[in-house]
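Keeping the supplied structure of chain L fixed, place chains A and S upon it in accordance with the hints.
Residue numbers (UniProt numbering), protein chains in the order written: chain L, 1 to 192; chain A, 1 to 249; chain S, 1 to 362.
Take the hints with a grain of salt, since some may be wrong.
[Unchecked claim] The calculated lysine-lysine pairs, modelled on DSS-like cross-linking and capped at a C-alpha distance of 30 Å, are:
hint	chain 1	residue 1	chain 2	residue 2
1	A	LYS18	S	LYS209
2	L	LYS67	S	LYS209
3	A	LYS15	S	LYS209
4	A	LYS8	A	LYS233
5	L	LYS110	S	LYS359
6	A	LYS184	S	LYS209
7	S	LYS357	L	LYS67
8	A	LYS15	S	LYS359
9	L	LYS32	S	LYS9
10	L	LYS110	S	LYS235
I should point out that these hints are in silico values taken from the structure, not numbers from a laboratory.
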Amino acid sequence: MSLFRIALAGEGGQGVQSIAEILAEAAYNENKQAIYIPNFGLEQRGGVSIAFLQFSERRIGAPKFQKADIVIALSSRAVERTLTYSGEETLYVYDSSFKLGPEELPEQAKQIIDLPAIETANNKLHPRVFNIIIMGAVIGLSNVVSFEAAKEALEHKLAYKFEKDPKLRELNYKALEIGKEMGEKALKEGVV
Amino acid sequence: MATPTVPKSWYLPTKPHKFCPGCGHGIVLKALGEVIDEMGIQDQTIFGCDIGCSLLSWNFFACDSTQTHHGRTTPVMTGIKRARPELLCIGYMGDGGGYSIGSQHLLNAAVRNEKLTLVLVNNTNYGMTGGQMAPTTLPGQKTETSPFGRNPEQTGYPTMGPEFIAQLTPDSAYVARGTVSKYKQLKKYLRSALRNQMEGNGFSFVEVLSTCPTNWRTNASQTWNFLEDEMEKYFPVGELKTPFGKGEK
Amino acid sequence: MQRVIGESKRSFVTGNEAAAWACMAAGADIMFGYPITPQNEIMHYWTRIAPQFEREFLQTEDELSAGFTVCGAVQSGKKAFTATAGPGNVLMQEPFGMAEAMRLPIVGIIQQRGGPSSGTVIYSQQEVTLTTFGGNGEGHRIVYSTATHQEIYDYIVKGFNVAWKHRFPVFILGDGYQAKMREPLEMYDPQDKGIEMVEPYPLLGLGGKIGTDREPSHLCNIYSLEEELYEVVLKFAAEYEALAPQIIEYEERECDQSDIIILAHGVVSRAADDAVKALRAQGIKAGYFRPITLRPFPQQQLRDAIARSGAKKMLIAESAYGQFDRLVKQEIYGETISIENLFMPGVGIIENDIINKVKSIL
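Okay, chain L solo, but in the shape it has when bound:
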């Protein structure tokens, strides 16, 4: 795998940094080089939170980048903030519930994809696993880490919660799987 770059953005509290950390950890466990850096500013809460992720087989250069291979925006404000990271080779992903006009979406992208992640989380699973669906979608779209490695890293990160409530484990795995299928399907259909 050559260098692969992902920018994940959402509102504080949506779990953007958590899934970035899990993805990075999964790649690390697969003996890949990985760098994860959160944007961090003055706001502890509120404001758009962005995670910058890079994966590679060899040492990764600068921790930030200009254009991503995948951008995922988890809120309409996050779309505005992440337009700059979309280039000619970028898969640009946002949630279909945002109802955005073409002028609000990036001018440059290889493919612009809207996923029904919020709707699926709310109707089929639980609003809390919205971010895990997105994490699954990243895997479906990029194969940047294997599904098994992602599951293991998820288990590692959330073990303390799963112990208290084993049903949560099933819920999270289900969300991961649904997200992965969602990503694979979108890629195949080539929705622009």
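Here is chains A and S on its own, set in the frame of chain L:
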């Protein structure tokens, strides 16, 4: 006639000392030296001094000693004490170092109840730099930077150090104000302040009212009058907080 | 030496966490610190790990106090360190100056943030001048500019040893990106790598009976006569200069027969390294030079690289407006190579920035 004795804990190669004639530092350091001798703590004492006239004490004692920056004796001694709690740390500073440039250190060391003994010499001016106004300059007192007398409307009232430190510290702290005019009392306060550290009780602070004839431009009797009539009236001498009971010698 | 890591292990952590573990593994006894972003997590990790290994911590009232408490603790013979950034680094120049004057073996970790003033809490390389030549002294300090988590770890371990062996203050110059990002590194106990840790020793509180067993130790940092100070500073300068060849570290790649040498330090050197590889792949003869020690500076090594390369141009890339550039120029005064620059104060530099700049000037 008996020859004057010097404390055993004084470092003789640096004597006679370099303080101006009539300066109170020599008296404070003699009291401190005698107390160190009487308590037998010379070998475990670390003496630290500020910049200002107090810096002239950097090699005054035959104790391990260190010299810091203006106002920074408190954190240096805090670092030593935190790293080596078995050592007895004495920080020595002037009113400028303690109440002005290093006031945040003094205040926070007091709040944390650091197990230190700090001795602050109050002579109502910055001596080393040539007699400028200090936090402790009395209302109406003339200095190089208050040539028409300190006007409290413009520059506030003198800092009442022991009073505010007593407010900040728990009951295990020791806080007193002595004066070079009452030598035995001063020694008692210094002894209590060291004992409090040795027993691991808490922060120990002694302000000492002292003289600066060079910058006050006073002769011997005027010097003593200013100390006893002006300073001691404004700054009450006594123990403000003691875990040992006030009557104890 | 107490074992902290046990079996050496690969880890995937932030640079701040790597720093805290490195200090622990290096045998640091006590940390003094004051909160400032982006170094806070060094304190957070240290305070969590320290009790397990009987190490100490004090959160002081400000950075002046953090620096001076470190000075006190090392005088008493304990390995002590602090960490700071930005305006905190400004305040710490006062105690760092005292450490320079009294040759105190302090270790400071600097995670650069944007400047001037409060700037940003994020990232920059704008604390180069301050960390190398801050204070009212002569820059008798050792400054390692790290680029990876592995280097943060390795140079902290080395830094404690260099500080205690040679008694010059040592600074690990990182930045907000290195502080906050996660990447893999290997953590280890120094003895497992054959690294012998230098034992600390007291300058005060020496034990024994004063007057019978020994003379008192009197440490001073102010002199009555200008000649006294002159002698002290000249002595320090001579010792520093004699030591420099042992301390200097740098990286050089592809400089021989190159048309342009790209010069960068710290995290920017990663982008410079990648840029050189990409340019070479495109047939552009670029070379890479990176000082790891900014003080002392590998000036002879850089002069040699320039001479061997035959390059007509050098590009200096930094996330500051010329602080590194000034340092380089003063060190290689007299060289006739033309120097171009890519100054991006307070923002990251990626390989494309460097590639585009190189193409625009060649």
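Going through the hints against the structure:
Annotation: proposed proximity of A/LYS18 to S/LYS209 holds, straight-line Cα distance about 26 Å (limit 30 Å). Under the criterion of a C-alpha separation no larger than 30 Å, the hint pairing L/LYS67 with S/LYS209 is inconsistent with the structure, at around 69 Å. A threshold of 30 Å between alpha carbons decides the hint, and for A/LYS15 with S/LYS209 the separation of about 21 Å falls inside it, so the pair holds. Distance restraint check for A/LYS8 and A/LYS233: the Cα-Cα separation of roughly 34 Å exceeds the 30 Å cut-off, and the hinted pair is therefore not satisfied.
About 27 Å separates the Cα atoms of L/LYS110 and S/LYS359, which keeps this hinted pair within 30 Å; it holds. Annotation: proposed proximity of A/LYS184 to S/LYS209 holds, straight-line Cα distance about 28 Å (limit 30 Å). For a cut-off of 30 Å, the pair hint linking S/LYS357 to L/LYS67 stands: about 18 Å separates their Cα positions. As the CA atoms of A/LYS15 and S/LYS359 are separated by approximately 72 Å, the hinted pair breaks the 30 Å bound.
A C-alpha spacing of about 16 Å is found between L/LYS32 and S/LYS9, which places the hinted pair at or below 30 Å, so the restraint holds. Restraint check for L/LYS110 and S/LYS235: not satisfied, since their Cα atoms lie roughly 64 Å apart, outside the 30 Å limit.
Hints 2, 4, 8, 10 from the list above are not met by this structure, while the remaining hints are.
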